[in-house]
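Enquirer: Here are the chains, one letter per residue:
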Amino acid sequence: MGKVKLLREDGLRHDGRRPDELRPIRMQVGVLNKASGSALVEYGATKILAAVHGPREIPQRHLLLPSRAILRCRYHMLTFSTHERKSPAPSRREIELSKVIREALEPVVMAEVFPRTAIDVFIEVINADGGTRTASVTAASLALADAGIPMRDLVIGVAVGKVDGVLVLDIDEAEDMYGEADMPVAVAPSLGIVTLLQLNGVLTREEFNEALKLALKGAQTIYSMAREALKSRYLEVKVEE
Amino acid sequence: MSSKEARRVLVVPGEVICEGEYKVLTPNYIIKVNGKYVATAVGLAQVNEDSKELSFIPLEGCYVPQVDDIVVGYVVDVGLTYWEVDIRAPFTATLYAVDFLGRPVNPAKEDLSNYLSTGDTVIAKIEIFDRNRGPIITTKGKGLGKVIHGTIVEISPVKVARVIGRRGSMHQLLQSETSCDITVARNGRILINCPNKELEDILVMAILKIEREAHIPGLTDRIKEFIIREKVKRGLIGGEGKAT
Amino acid sequence: MSVTPSAEVTVPKLRSATILNMLKKGLRASSRGLTEFRPIEIVPGYVPNADGSALVRLGNTVVVAGVKLEIGSPYPDTPNEGALIVSAEFMPTASPTFEPGPPDENAIELARVVDRALREIKAIDMEKLVIVPGRRVWVVYVDIYVLDHDGNLVDASSIAALAALLSTEVPKVEVDELGNVKVDRSSRLGPLQLRHKVVTVSVAKAENVLFVDPDIEEEKVCETKLVIAVSDDGRIAGMQKSGLGALSVEEVLVATDIALKVARDLLTTVELSLAKPKELE
Numbered sequence: 000m001g002k003v004k005l006l007r008e009d010g011l012r013h014d015g016r017r018p019d020e021l022r023p024i025r026m027q028v029g030v031l032n033k034a035s036g037s038a039l040v041e042y043g044a045t046k047i048l049a050a051v052h053g054p055r056e057i058p059q060r061h062l063l064l065p066s067r068a069i070l071r072c073r074y075h076m077l078t079f080s081t082h083e084r085k086s087p088a089p090s091r092r093e094i095e096l097s098k099v100i101r102e103a104l105e106p107v108v109m110a111e112v113f114p115r116t117a118i119d120v121f122i123e124v125i126n127a128d129g130g131t132r133t134a135s136v137t138a139a140s141l142a143l144a145d146a147g148i149p150m151r152d153l154v155i156g157v158a159v160g161k162v163d164g165v166l167v168l169d170i171d172e173a174e175d176m177y178g179e180a181d182m183p184v185a186v187a188p189s190l191g192i193v194t195l196l197q198l199n200g201v202l203t204r205e206e207f208n209e210a211l212k213l214a215l216k217g218a219q220t221i222y223s224m225a226r227e228a229l230k231s232r233y234l235e236v237k238v239e240e
Numbered sequence: 000m001s002s003k004e005a006r007r008v009l010v011v012p013g014e015v016i017c018e019g020e021y022k023v024l025t026p027n028y029i030i031k032v033n034g035k036y037v038a039t040a041v042g043l044a045q046v047n048e049d050s051k052e053l054s055f056i057p058l059e060g061c062y063v064p065q066v067d068d069i070v071v072g073y074v075v076d077v078g079l080t081y082w083e084v085d086i087r088a089p090f091t092a093t094l095y096a097v098d099f100l101g102r103p104v105n106p107a108k109e110d111l112s113n114y115l116s117t118g119d120t121v122i123a124k125i126e127i128f129d130r131n132r133g134p135i136i137t138t139k140g141k142g143l144g145k146v147i148h149g150t151i152v153e154i155s156p157v158k159v160a161r162v163i164g165r166r167g168s169m170h171q172l173l174q175s176e177t178s179c180d181i182t183v184a185r186n187g188r189i190l191i192n193c194p195n196k197e198l199e200d201i202l203v204m205a206i207l208k209i210e211r212e213a214h215i216p217g218l219t220d221r222i223k224e225f226i227i228r229e230k231v232k233r234g235l236i237g238g239e240g241k242a243t
Numbered sequence: 000m001s002v003t004p005s006a007e008v009t010v011p012k013l014r015s016a017t018i019l020n021m022l023k024k025g026l027r028a029s030s031r032g033l034t035e036f037r038p039i040e041i042v043p044g045y046v047p048n049a050d051g052s053a054l055v056r057l058g059n060t061v062v063v064a065g066v067k068l069e070i071g072s073p074y075p076d077t078p079n080e081g082a083l084i085v086s087a088e089f090m091p092t093a094s095p096t097f098e099p100g101p102p103d104e105n106a107i108e109l110a111r112v113v114d115r116a117l118r119e120i121k122a123i124d125m126e127k128l129v130i131v132p133g134r135r136v137w138v139v140y141v142d143i144y145v146l147d148h149d150g151n152l153v154d155a156s157s158i159a160a161l162a163a164l165l166s167t168e169v170p171k172v173e174v175d176e177l178g179n180v181k182v183d184r185s186s187r188l189g190p191l192q193l194r195h196k197v198v199t200v201s202v203a204k205a206e207n208v209l210f211v212d213p214d215i216e217e218e219k220v221c222e223t224k225l226v227i228a229v230s231d232d233g234r235i236a237g238m239q240k241s242g243l244g245a246l247s248v249e250e251v252l253v254a255t256d257i258a259l260k261v262a263r264d265l266l267t268t269v270e271l272s273l274a275k276p277k278e279l280e
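Residue numbers (numbering that gives the first Met the number 0), protein chains in the order written: chain A, 0 to 240; chain B, 0 to 243; chain C, 0 to 280.
Check the hints yourself; a few may be wrong.
Said to hold, decoys possible - Here are some, though not all, of the chain C residues that point toward chain A, as calculated from beta-carbon distances under 8 Å: (1) V2; (2) R115; (3) I235.
As the list claims (entries may be wrong) - Taking lysine-lysine and the DSS-like style, the derived pairs with C-alpha atoms no more than 25 Å apart in a straight line are: (4) B:K208 x A:K230; (5) B:K51 x B:K22; (6) B:K35 x A:K230; (7) B:K108 x B:K139; (8) C:K12 x C:K219; (9) C:K121 x C:K260; (10) C:K121 x C:K171; (11) B:K31 x C:K23; (12) C:K181 x C:K67; (13) B:K35 x A:K216; (14) A:K230 x B:K31; (15) C:K260 x A:K212; (16) B:K35 x B:K51; (17) A:K33 x B:K208; (18) C:K24 x C:K219; (19) C:K67 x C:K171; (20) B:K232 x B:K208; (21) C:K67 x C:K121; (22) C:K127 x C:K181; (23) B:K145 x B:K108; (24) C:K127 x C:K67; (25) C:K121 x A:K4; (26) B:K124 x B:K145; (27) A:K216 x A:K230.
No lab work stands behind these hints, which were simulated from the structure alone. Note that this is a predicted model, so its numbers are computed, not measured. C-beta: ideal position from N, C-alpha, C; glycine also.
Throw the hints in and build the complete structure from the sequences for me.
Expert: Laid out in structure tokens, this is it:
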């Protein structure tokens with residue numbers, strides 16, 4: 000019960016944001032010791048941990064490809080990440096999102112550099128408050144970069160929604176549940192390509208065009224943050240006296 | 000050979016390095032997109048305007064075997080006629096018994112684990128590495144074979160070049176300042192043999208410091224000062240050490 | 000875990016080169032137009048025991064969808080609405096590479112894409128599915144089976160699901176004084192009420208050319224696909240980029256325009272198939 004009033008009288012959203020405003024975003028790279036690469040990304044209260052293992056050989060040789068590495072990707076939610084406890088068994092949603100996220104990364108990962116290996120990407124949703132798959136794509140990109148796996152570009156995810164007829168950027172859980180549309184997008188901004196695009200909801204053609212533009216703008220901002228996050232580890236190291 | 004300092008810039012995947020016509024020395028790390036040279040990894044891109052060359056020093060990454068590389072590996076499996084060796088690469092390496100022992104083996108009569116068993120350390124050289132199978136390593140050669148004593152320091156393979164230094168200068172410095180015997184393997188494993196524990200501790204700290212500050216210029220001098228300071232701290236030398 | 004697919008049934012290089020070379024010139028190996036669908040045959044009511052059903056042939060792709068209405072409890076947060084559950088299975092009959100077993104990620108993705116389109120456009124008036132408010136509602140099960148795979152399973156499935164729903168007759172129910180519900184399938188109350196119709200249009204990309212309804216070979220050589228769900232009132236009711244490659248922003252917009260145009264013909268085809276008297280076979 001308790002449908003949240005998503006758009007206030009002053010035109011701001013229920014959490015005080017402007018329609019084109021992102022939530023506070025935090026990114027940390029190299030947070031895990033035992034993974035080849037890792038990242039912790041937060042879009043507002045959504046908290047995602049991504050880890051990369053590999054490139055490595057795997058016992059299931061029949062899955063490997065002779066000319067390139069395979070990507071294996073798992074999107075998984077911790078049981079306490081959602082309001083109602085989520086069963087530990089993989090849900091159909093997690094299975095679909097694992098595929099969609101893998102396909103968001105495939106176009107940029109230079110898999111041909113490591114034939115007959117597997118590059119494993121594990122995404123753990125620690126807290127879910129909307130936009131988990133888009134934050135996951137961003138976290139996975141940072142983890143892959145942290146692992147030193149060559150990529151043509153970073154992939155940045157952000158979701159656009161529609162609440163009370165207004166298009167809004169970076170929707171949270173309430174806006175996703177009670178809004179009229181949820182459109183997750185992932186782009187490789189320097190290459191100018193869309194690698195993830197879904198729409199759950201209904202938009203007119205004009206609304207769709209606007210929504211896509213809004214997503215691209217938001218992605219550009221997050222892109223700059225991602226670059227900073229990767230560089231900051233090297234700019235921060237103080238030369239010891 | 001150009002003596003002019005190449006321009007170095009810290010870049011991340013997707014970032015433009017420069018435009019124009021250059022020769023790319025590291026094709027996996029620098030690609031050309033719409034006429035611009037773009038980095039594909041986190042690292043230092045080097046632009047040499049004289050020779051019109053681009054090269055890349057990755058700051059993260061795994062070890063990619065190259066033929067003739069010296070590697071330090073740990074035996075992870077014993078087969079009938081070979082051992083499987085972990086060399087910190089995406090693929091495990093194979094060391095054939097006939098190579099290690101210098102003679103053919105009869106698997107029916109001999110148990111290879113008598114010579115090398117799981118957990119043993121070897122120094123070897125990459126003999127063959129092609130797309131069709133994992134690397135084959137050889138222990139035929141001076142200084143190669145089973146490692147009996149010493150300490151292994153593991154660093155990121157992409158930082159190995161810094162531990163060796165230009166024309167071996169850093170390697171030389173470390174050996175002379177610590178009196179330790181140092182073998183730097185390309186796969187990020189450094190085998191050290193030191194006269195005493197204090198010098199070993201100083202050397203380990205120095206190596207890890209190189210790894211952390213690999214991207215900051217003036218490293219060689221800083222490391223020399225560091226080692227001297229540590230030696231003074233431990234009373235291994237008196238007062239201010241001599242600067243060369 | 001989702002894994003990069005290995006090319007199980009590979010398209011020989013000479014053949015894929017032919018397909019791609021023709022696409023570069025705006026032609027298709029099958030001599031279809033870029034925005035032309037293969038011949039579609041729809042047989043509504045194909046399965047007499049189902050409450051609604053349709054067999055669809057899209058070129059050589061064959062899909063059967065069946066609708067079963069079951070009595071169930073409403074979801075706690077929507078006590079005065081019925082429920083819709085869409086699933087899909089790729090049968091081993093459809094391809095030498097399909098193994099029996101639970102739906103894989105492709106079947107799950109397909110089911111969820113078709114489900115979202117029907118759900119978001121509110122194709123079914125969920126409130127009309129209530130039998131005893133707050134306690135007993137109709138649960139509409141739409142199950143899709145792919146019987147023969149020659150490409151574009153999503154569009155064939157969405158057409159089959161729509162036709163099956165349109166052919167669905169709601170069984171008679173009796174509610175006694177105690178609130179118990181009994182279904183009498185020998186008698187029908189009338190057709191299931193659909194407020195909107197929706198179909199998906201898959202737009203594939205290869206060699207910078209966009210084309211609809213890829214057959215199995217075109218699917219294997221294309222870089223990626225964008226599936227767009229379009230409603231009868233010309234709105235975009237869903238989208239899914241599917242496949243390893245990517246699209247430029249321009250391509251996304253052009254693909255959307257293509258889908259909006261092509262969907263109109265598809266919806267007409269579905270409506271016409273239901274206007275014909277049902278074949279009992």
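Enquirer: Is it true that the CA of K127 (chain C) sits at most 25 Å from the CA of K67 (chain C)?
Expert: With Cα atoms ~16 Å apart, K127 (chain C) and K67 (chain C) stay inside 25 Å; holds.
Enquirer: Decide if the proposed pair is consistent with the structure: K216 (chain A) and K230 (chain A), CA atoms, cutoff 25 Å inclusive.
Expert: holds (22 Å)
Enquirer: Checking one constraint from the list: CA of K121 (chain C) to CA of K4 (chain A), max 25 Å. Satisfied?
Expert: The given pair, whose Cα atoms are some 22 Å apart, holds under the 25 Å limit.
Enquirer: Can we keep the V2 (chain C) interface hint, with Cβ of chain A closer than 8 Å?
Expert: holds (5 Å)
Enquirer: Holds or violated: are the alpha carbons of K145 (chain B) and K108 (chain B) at most 25 Å from each other?
Expert: holds (22 Å)
Enquirer: Double-check I235 (chain C) for me: the hint is only fine if its C-beta lies closer than 8 Å to a C-beta in chain A.
Expert: With a minimum Cβ separation of about 5 Å from chain A (threshold 8 Å), the hint on I235 (chain C) holds.
Enquirer: For the pair supplied as a hint, K31 (chain B) and K23 (chain C), confirm whether the alpha-carbon distance does not exceed 25 Å.
Expert: holds (23 Å)
Enquirer: Are K108 (chain B) and K139 (chain B) close enough, with their CA atoms no more than 25 Å apart?
Expert: It holds: about 24 Å lies between the C-alpha atoms, which stays within 25 Å.
Enquirer: Starting from K35 (chain B), check that the Cα of K230 (chain A) is at most 25 Å away, please.
Expert: holds (21 Å)
Enquirer: Would you mind confirming whether the straight-line C-alpha gap from K35 (chain B) to K216 (chain A) stays at or under 25 Å?
Expert: Cα-Cα ~23 Å, so holds.
Enquirer: Does K219 (chain C) sit within 25 Å of K24 (chain C), going by the straight-line distance between their CA atoms?
Expert: Cα-Cα ~19 Å, so holds.
Enquirer: Taking only the CA atoms, is the gap from K232 (chain B) to K208 (chain B) under or equal to 25 Å?
Expert: The hint holds at about 17 Å.
Hint violations for this structure: none, all hints satisfied.
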